[in-house]
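A.B. asks: Dock chains B and C against the given chain A, drawing on the hints supplied.
Chains as they are written, first to last, in our numbering: chain A, -5 to 301; chain B, 37 to 529; chain C, 3 to 349.
Just so you know, not all the hints are guaranteed correct.
[Unchecked claim] Covered, in the sense of this in silico footprint (three residues per stretch, anywhere, with C-beta under 8 Å from a C-beta of chain B), are these stretches of chain A:
1) 0 to 10
2) 89 to 97
3) 103 to 112
4) 118 to 129
5) 153 to 163
6) 200 to 212
Calculated directly from the structure, the hints in this document are not laboratory data. Cβ coordinates follow ideal geometry from the N, Cα and C atoms, glycine included.
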Amino acid sequence: MDTSLFIIQTLNGLQLGVLLFLVASGLTLTFGIMDLVNLAHGSLYMIGAFICASITLWTGSFLIGILLAIPATALVGLAVEMTVIRNLYPRDHLDHVLATFGLILCFDTLVQIIWGPEGIAVPLPKWMDGQVLLPGGVVFASYRLIIIGVGLAIAAGLYFLVVHTRIGMLIRAGASNRTMISALGINIKALFTGVFAVGACLAGLAGMLVSPITGTSIGMGNEIIITAFVIIIVGGIGSMKGAFVAAILIGLIDTLGRSYLDDVFKLVMNAEVAETAAPALSAMLIYIIMALILAFRPQGLFPPKTR
Amino acid sequence: MSFTKATAGKLAFAAGISMAASAAMAADTVKIGFVTTLTTGAAVMGNDMKNSVMIALDHIGHKMGGKKVEVIFEDDGFKPETGKQAADKLIKQQKVDFVAGYIWSHVLLASRKTVLDSGKFLISSNAGPSQLAGRLCHKNFFSTSWQNDQTPMAMGEVLNQKGVKSLYVMAPNYAAGKNMVTGVERTFKGKVVGKDFTKWGKDAQLDFSAELAKAKASGAQAIFVFYPGKAGGAFIKQYQQAGLRGKIDLYTVFTVDSVTLPLLQQAKLEGVLGSENTMFWGPDLDNPVNKKFVADYKKKFGSYPSHYGAQSYDSIMLIKACRRCGEGRYLQDRRDARCHEEGGLPLRSRQVQLRQQSYASPELLSAQGCGRQGRQVDDVGYQDGLHEPSGHLCQSVQDEVICTGSRPRQRAGFRKNLVGAVRVVSGSRDRQSGPGNSAYSQQLILPSCCARERNCRTAFSRPFPCLKRNDNRAASQTTHRTQWTLRSSSSRP
Amino acid sequence: MSIQQTEQSKPSSAGPGAASRSGQRLNAERIITLIILAALIVVPVAAYYGDARYWVDLATRLVILSIAATGLNFILGYGGMISFGHAAFIGLGAYAVGIPVFHSINDGFPLIASNNGFLHFVLAMAVCAVFALLTGAISLRTRSVHFIMITMAFGQMTYFAIVSIEKYGGDDGLTIDLRSEWPLITFDHPLVLYGFCLASLFVVMYLVHRMVNSRFGMVLQGAKQNEERLRALGINVYNYQLTAYVISGIICGYAGALLGNFTTFISPEMMDWTRSGELMFMVILGGVSFLFGPLIGAAVFLLLEESLSRFTIHWHLPFGVLLILSVLFIRGGLSGLLQKLGGARDR
Chain A
-5 MDTSLFIIQT
5 LNGLQLGVLL
15 FLVASGLTLT
25 FGIMDLVNLA
35 HGSLYMIGAF
45 ICASITLWTG
55 SFLIGILLAI
65 PATALVGLAV
75 EMTVIRNLYP
85 RDHLDHVLAT
95 FGLILCFDTL
105 VQIIWGPEGI
115 AVPLPKWMDG
125 QVLLPGGVVF
135 ASYRLIIIGV
145 GLAIAAGLYF
155 LVVHTRIGML
165 IRAGASNRTM
175 ISALGINIKA
185 LFTGVFAVGA
195 CLAGLAGMLV
205 SPITGTSIGM
215 GNEIIITAFV
225 IIIVGGIGSM
235 KGAFVAAILI
245 GLIDTLGRSY
255 LDDVFKLVMN
265 AEVAETAAPA
275 LSAMLIYIIM
285 ALILAFRPQG
295 LFPPKTR
Chain B
37 MSFTKATAGK
47 LAFAAGISMA
57 ASAAMAADTV
67 KIGFVTTLTT
77 GAAVMGNDMK
87 NSVMIALDHI
97 GHKMGGKKVE
107 VIFEDDGFKP
117 ETGKQAADKL
127 IKQQKVDFVA
137 GYIWSHVLLA
147 SRKTVLDSGK
157 FLISSNAGPS
167 QLAGRLCHKN
177 FFSTSWQNDQ
187 TPMAMGEVLN
197 QKGVKSLYVM
207 APNYAAGKNM
217 VTGVERTFKG
227 KVVGKDFTKW
237 GKDAQLDFSA
247 ELAKAKASGA
257 QAIFVFYPGK
267 AGGAFIKQYQ
277 QAGLRGKIDL
287 YTVFTVDSVT
297 LPLLQQAKLE
307 GVLGSENTMF
317 WGPDLDNPVN
327 KKFVADYKKK
337 FGSYPSHYGA
347 QSYDSIMLIK
357 ACRRCGEGRY
367 LQDRRDARCH
377 EEGGLPLRSR
387 QVQLRQQSYA
397 SPELLSAQGC
407 GRQGRQVDDV
417 GYQDGLHEPS
427 GHLCQSVQDE
437 VICTGSRPRQ
447 RAGFRKNLVG
457 AVRVVSGSRD
467 RQSGPGNSAY
477 SQQLILPSCC
487 ARERNCRTAF
497 SRPFPCLKRN
507 DNRAASQTTH
517 RTQWTLRSSS
527 SRP
Chain C
3 MSIQQTEQSK
13 PSSAGPGAAS
23 RSGQRLNAER
33 IITLIILAAL
43 IVVPVAAYYG
53 DARYWVDLAT
63 RLVILSIAAT
73 GLNFILGYGG
83 MISFGHAAFI
93 GLGAYAVGIP
103 VFHSINDGFP
113 LIASNNGFLH
123 FVLAMAVCAV
133 FALLTGAISL
143 RTRSVHFIMI
153 TMAFGQMTYF
163 AIVSIEKYGG
173 DDGLTIDLRS
183 EWPLITFDHP
193 LVLYGFCLAS
203 LFVVMYLVHR
213 MVNSRFGMVL
223 QGAKQNEERL
233 RALGINVYNY
243 QLTAYVISGI
253 ICGYAGALLG
263 NFTTFISPEM
273 MDWTRSGELM
283 FMVILGGVSF
293 LFGPLIGAAV
303 FLLLEESLSR
313 FTIHWHLPFG
323 VLLILSVLFI
333 RGGLSGLLQK
343 LGGARDR
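Bound-form chain A, shown alone:
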């Protein structure tokens, strides 16, 4: 096996993993703390990407785009929380699914009305848009390295926030026992709203980071939301650590599966069958993993301690 190719693929997998983590972390927070099944989380990913893309084209700077789009996405998140989501907390999962699916329809249509159907291609600043030579003679796209760096930094920041601050304590308490913290006189409403907005920012940021690679498109959030759900199930609902590990795991498995599965298959079957079977199996891979986890360890890899 070609080592440098393997390193590149691992880095690619890592980059996908941290992006997935950004989406999944917000989802696992809202799910773990508010017990909210939010299918529309992916819409915030899309909204973030579109706002950032517009600002980037307008100002000519991707960085300004990100800096302005983050608070903008937070505002959208707040608006959604205060109008719709807030009323859903006391309801059951069925109502969540139905209402947030309604939100998806609204957002997708609004984006088409506002930005048109064609999506936006986002330019990168010159200094991000090259390749770097890594030790070992591996050439890798610098922007993808930046994503990995940003993602890891945010993961570290979230870890600090959750483990070492008072807000984090509330969040952990919320994930462990929701009723208890409201009984302790915490302003649960504000906490929920805040958590939702943070989740919106994280999802939006993931959308912004991915847009120079794939461009923005309508429905881009619906593509990632199912994967994000897989991740939080695999990691354990409400667990930040679980979301991180599972996201990296899924990112790596997905990327490495796409790269090596057909080679592996070619060892045991003829090339034509392998070419058909490999993409099918790599598409199914994450679902198979989730089903296995659910069948044998339904609480996920790192479930939060519940009482």
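C.D. replies: Showing chains B and C alone in chain A's frame:
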């Protein structure tokens, strides 16, 4: 229950006549249903098609054969079931005379039965699933586009001409993607060192990092891709970001077009510059009708049309042409002519004969009657079955597909230079004949879909000779001419 | 809620007596239901002869989706098992029609190559039963949101598996030009097909009604309320739930076979998770654990889609808003709303 082809044909004929009669009685309006994708990201193509239909209507003064034309647009939402419902609605509620449009193969396949069973005409303005060329061949089905593997076959020749010896291939994992790959592999003489089919469908894969890394590691001289719509833009960006530009040359089909180019230009992504594609049409195709179409489109909508648009324009023109022949008998005579003649004809011999014809009376656009597409059995290794490659059906299509590449020169003009080669969009036409009027064509009549016969097999079994030209203009001229010749065949007295 | 409802409508035998007894309280619901039933019989026939055949198609789709939704409601509404993968059963049922027809046209696989309707429907139900048994046995080890996700995972796996089978069209789907053949009747006549679907719907609804009010159904509903208690009573809840899951799968497979016959085009798209979602919405919109809920939900869903899409291609926007509003303000679905109206008036 089981209709034979002959009964189906008769029924279709009868239905056509009665339709003509009832339509003549019912209204002075020709109703055309146009199904395309107007929502989701794919709406960018659908809107282009819709706009082009509007231009076509403007050009014909919203009249066909003295009757008013009404076009009813329906959205298929990129879903086969929604598309079928739209077709149902058009046929049963709006009572249209023609159903046209269709970007996607699976949507077209889903709607096919509804439309054809009702005796109406189905005109594909883009989708070219191979089944409709073979097993599902129907005389009321027409296409103004192509078969999936024709264009990449031309690309295979381009690659040969460029001296490419090793190629990496990437396409989405669905029927059209596989057809495209089959096409390029058929004509490409070098070695395919790697192949990736990526996830497609609703949550299509848009991050190609793993595949591009493999391509780079494979040491291929060139990479061939087919990524329509938004995936195309995403691919080209990542191709550039992965540092492949200048290392592995990019060759595409249906990936770089006037849908993706403006977006790339806006984002200053120059990775696409210098890449080559084959295309049967280009906005700068030099013939009067195309010039008028492109100019008017730009004037009205401020952008260049894409081939989706050109094909839709053609669809309306095709319908108009049908309306004009035989006074109210619609497509009937014409269709029979084309179907029989082109379907059953041993294409090789026809080709030779056609070349001798003059260009005096160019046929309107490149309608592909079903007949052109007999069921194919070829010697490249395909068997009868669901997956029928279209390559050989179109020996004739070599006239349509040309081997040449685009050479975008500079950014300022690079939209304009999005060109491959070309097809005629129109010419004037004035003919009155059905097949019966032509001794020549009678001689050629064979049952459509005849390729099951052994003699047809041999006729189909020659490899596809691509035109060996890579000069844009010269090639396009040649194409025009050969095409016009081809078209004029059925009009000869 | 569900227990209360079934107690109200629990008859010693299903029949007019039951209707009149519960009728006093369920006035509005009963009237609306009767109107819908009458419309289901009258409108398509009138439309067919009144040259508005599109409405026959719409009604057929409505009835088929209602059957599937009724199947889902059986486990979702009464059993509390929120399956997010039921579209897979519909798809499998449709392919159980498509694949035999494909082979009867194109040779190969002589074992199932046939146009025989009995074969198609038995095959559809058998395949779905096996699939439901296998996936249910694993899925039912989980609870709540985990169950939602694992059923979705199995649905997605089926989707990708079918997409990869190129022989049957893969992503492009499978076009069949023939419908299931029966003695005496032909599905090629739209009204006959519609009548068959409608009769099937009534039979399915009656069967579900009987099951819900049997001991089996009581256990199922009891497990939704309090699983521990049933377990303490020595009842193996898992077996009951698995049986219900299989029955529900069979009903959806049957609906899928009808859908395949109706559209004569079968695509993996039928199994996508959004389709499972739509099915769920019909159930929820109509009101979970109401016998007529799925029918009302499907009717409202389709009619909304139909009427809104007439005004604008951006009809998803008002549709989404209505969905949200219905969740926020109509609890218990439309049936629940009707019931409340009826109850209020009586009081």
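A.B. asks: If a hint holds in the structure, say so; if it doesn't, say that too.
C.D. replies: Okay, the hints, checked on the actual structure:
Check result for the segment 0 to 10 of chain A against chain B: holds, 6 residues qualifying (beta carbon to beta carbon below 8 Å, three or more required). A stretch counts as covered by a chain when three or more of its residues have a beta carbon under 8 Å from one of that chain; for the segment 89 to 97 of chain A and chain B the count is 0, and the coverage is violated. Proximity of the segment 103 to 112 of chain A to chain B, defined as three or more residues with a beta carbon under 8 Å from a beta carbon of that chain, is established by the 5 residues found. Remark: the segment 118 to 129 of chain A is confirmed as covered by chain B, as 4 of its residues place a Cβ nearer than 8 Å to a Cβ of that chain, reaching the required three.
Coverage of the segment 153 to 163 of chain A by chain B is violated in this model, with 0 residues showing a Cβ closer than 8 Å to a Cβ of that chain against a need of three. For the segment 200 to 212 of chain A, the assignment as covered by chain B holds, since 7 residues bring a beta-carbon within under 8 Å of that chain's beta-carbons and 3 suffice.
In summary, the numbered hints that this structure violates are 2, 5.
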